[in-house]
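Peer 1: Below are the chains, spelled out letter by letter.
2 protein chains.
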Amino acid sequence: MMFISLVHHPVYDRRGNIQTSSITTFDIHDLARSSTTYGVERLYLVHPSPLQRQVAERILGFWEVGGGKEWNPLRSQALEVTRVTASLDLAIEDATKLTGEKPVLVATTAKTKEGQTTFGQLRKNLDRPTMIILGTGWGLAPEVIDRCDLVLEPIWGPTEFNHLSVRAAGAIICDRLLGKRNI
Amino acid sequence: MMFISLVHHPVYDRRGNIQTSSITTFDIHDLARSSTTYGVERLYLVHPSPLQRQVAERILGFWEVGGGKEWNPLRSQALEVTRVTASLDLAIEDATKLTGEKPVLVATTAKTKEGQTTFGQLRKNLDRPTMIILGTGWGLAPEVIDRCDLVLEPIWGPTEFNHLSVRAAGAIICDRLLGKRNI
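Sequence order for the protein chains is A and B. Counting in the working numbering, the first sequence runs from 1 upward without gaps. Counting in the working numbering, the second sequence runs from 1 upward without gaps.
Same shape as in the complex, but just chain A (with noise of 0.2 Å):
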C-alpha cells in the first residue's frame, strides 16, 4: 500500500531558512488527483497551524459535503483519498493503523546525493507499506530527510534544471512507481 505525505512543515524557503509554507489549493487538487489515479491510498496534508489546517478542512469540505459534489463528482471522488494532520508522525501513526505495520518513509529531494534510491530500486520493493514524503516551499528540511528509511533519487529530465513543482514531481513519483512500464 502506498501513502503520500505532503509536508509543510520543516521545509526550506528560497533563502535556505527552515519555514512553514501555506496550503495551496492547487497541490490539494492535483496530488489527490494523481494519487486516485495510481491508486495511492491516503494523502496526507501536514501542517502544524490548526488555521492551516482549517483551510484545508474547509477545501475538502466544499467537495465532500458542500456543493462541489454535485458540481463535479469526480473531483470529489479524487479528494476522499485525502486526510488533514498536524504532524508527519500523526499521518505515519494512521497508515500503520490502516495497514498493521509502519510504513517505509521515503524522501523526495531535487538534489543528486550519494546512498540515494532509484525509481527501479523502490518500485521493485513496494511489497511493504511505503509512504512517500513530498516537501513543499524549496523542499523538506534536513531533520525530515534524516528520520526517513530511504531518499529516492531526483527526477531529472535530460537538462540541467530539474525545479519542477512539487503537483508535477508528486504525478511523476506516482507514474514511476506505480503507472504501468508497457511504455
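Some hints could be false.
One-sided and incomplete, this derived list gives chain A residues near chain B with beta-carbon spacing under 10 Å [unchecked claim]:
hint: 1; residue: Val40
hint: 2; residue: Arg42
hint: 3; residue: Cys148
hint: 4; residue: Asn162
hint: 5; residue: His163
hint: 6; residue: Ile172
hint: 7; residue: Gly179
No farther apart than 20 Å at their CA atoms in a straight line, the calculated lysine to any residue pairs in the SDA-like style are these [claimed, not checked]:
hint: 8; chain 1: B; residue 1: Lys180; chain 2: A; residue 2: Pro158
hint: 9; chain 1: A; residue 1: Lys180; chain 2: B; residue 2: Leu74
hint: 10; chain 1: B; residue 1: Lys69; chain 2: A; residue 2: Val104
hint: 11; chain 1: A; residue 1: Lys69; chain 2: A; residue 2: Ile59
hint: 12; chain 1: A; residue 1: Lys111; chain 2: B; residue 2: Arg15
hint: 13; chain 1: B; residue 1: Lys113; chain 2: B; residue 2: Ile145
hint: 14; chain 1: B; residue 1: Lys111; chain 2: A; residue 2: Leu74
hint: 15; chain 1: A; residue 1: Lys124; chain 2: A; residue 2: Glu93
hint: 16; chain 1: B; residue 1: Lys111; chain 2: A; residue 2: Gln77
hint: 17; chain 1: B; residue 1: Lys180; chain 2: A; residue 2: Gln116
hint: 18; chain 1: B; residue 1: Lys180; chain 2: A; residue 2: Arg83
hint: 19; chain 1: B; residue 1: Lys113; chain 2: B; residue 2: Cys148
hint: 20; chain 1: A; residue 1: Lys69; chain 2: A; residue 2: Ser87
hint: 21; chain 1: A; residue 1: Lys180; chain 2: B; residue 2: Asn72
hint: 22; chain 1: B; residue 1: Lys180; chain 2: A; residue 2: Cys148
hint: 23; chain 1: A; residue 1: Lys180; chain 2: B; residue 2: Cys148
hint: 24; chain 1: B; residue 1: Lys180; chain 2: A; residue 2: Thr159
hint: 25; chain 1: A; residue 1: Lys102; chain 2: A; residue 2: Arg83
hint: 26; chain 1: A; residue 1: Lys111; chain 2: B; residue 2: Leu74
hint: 27; chain 1: B; residue 1: Lys69; chain 2: A; residue 2: Gly16
hint: 28; chain 1: A; residue 1: Lys113; chain 2: B; residue 2: Lys102
hint: 29; chain 1: A; residue 1: Lys69; chain 2: B; residue 2: Pro73
hint: 30; chain 1: A; residue 1: Lys111; chain 2: B; residue 2: Asn72
hint: 31; chain 1: A; residue 1: Lys180; chain 2: B; residue 2: Thr118
hint: 32; chain 1: A; residue 1: Lys111; chain 2: B; residue 2: Asn125
hint: 33; chain 1: B; residue 1: Lys113; chain 2: B; residue 2: Pro154
hint: 34; chain 1: B; residue 1: Lys180; chain 2: A; residue 2: Glu160
hint: 35; chain 1: A; residue 1: Lys180; chain 2: B; residue 2: Glu160
hint: 36; chain 1: B; residue 1: Lys69; chain 2: B; residue 2: Arg58
hint: 37; chain 1: A; residue 1: Lys69; chain 2: B; residue 2: Arg15
hint: 38; chain 1: A; residue 1: Lys180; chain 2: B; residue 2: Leu177
hint: 39; chain 1: A; residue 1: Lys180; chain 2: B; residue 2: Lys102
hint: 40; chain 1: A; residue 1: Lys102; chain 2: A; residue 2: Cys148
Hints are computed from structural coordinates only; laboratory data are not their basis. For each residue, glycine too, the CB sits at the ideal point set by N, CA and C.
Given chain A, put chain B in place with the hints provided.
Peer 2: Leaving out everything else, chain B in the frame of chain A:
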C-alpha cells in the same frame, strides 16, 4: 524538437458543451517548469481572447522584467520557454519557423479509443519536430483532435480513475516521452 501547446479553445466544459477556458496561473508555471526540465523547445499558451492573452503576458512580464526574476530566478528561467498565441495555427507557424518543418501534431485525451498511438511508439519516433497538444477544461474539442496527425493514448494508472489535472498529465507525458528510461 518537442513543443507543447496548451489550448483554451475549443475545449469541452463539464456538461459536454464547447467552451473557452480561462488562463490559469498554475498551468503556466507548472507546465513551463516541466517543459524546461525535459528540454521542450517552446510551450505555447493558446487563447483566442486578447484580454486573456494579456493576463498571460502580464504574468510572464512579471517574471521576465518585473520583480519575479530577482525573487526567484529559476522560475523566471523556466518561463522563458513560454509563448502566448491567439490560435493553434500561429503556434504551429512559430514552431515551423524555428525548425524549418511543420511539427507532427499529437492530440491528447483521457478516453481510450481505437487507433491511438502508444507512448512507446511515439517515444521511438521523435526524430521529427513534434507538438503535444493539451486541452484545458474537460478536454480538446473533436475539431482539434481531428486535425492532428496522431492521438496519444490516455495516461492510466492501475485504477479505473484517470482524471488528472492538465499540469499532472503534462508532467507525466514529458517524463514518459523525454525522461530517462533506466528506471
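Peer 1: Please write out, lowest number first, the hints stated earlier that are contradicted by the structure.
Peer 2: Violated hints: 2, 3, 9, 10, 12, 15, 18, 20, 21, 22, 23, 28, 29, 32, 39; rest satisfied.
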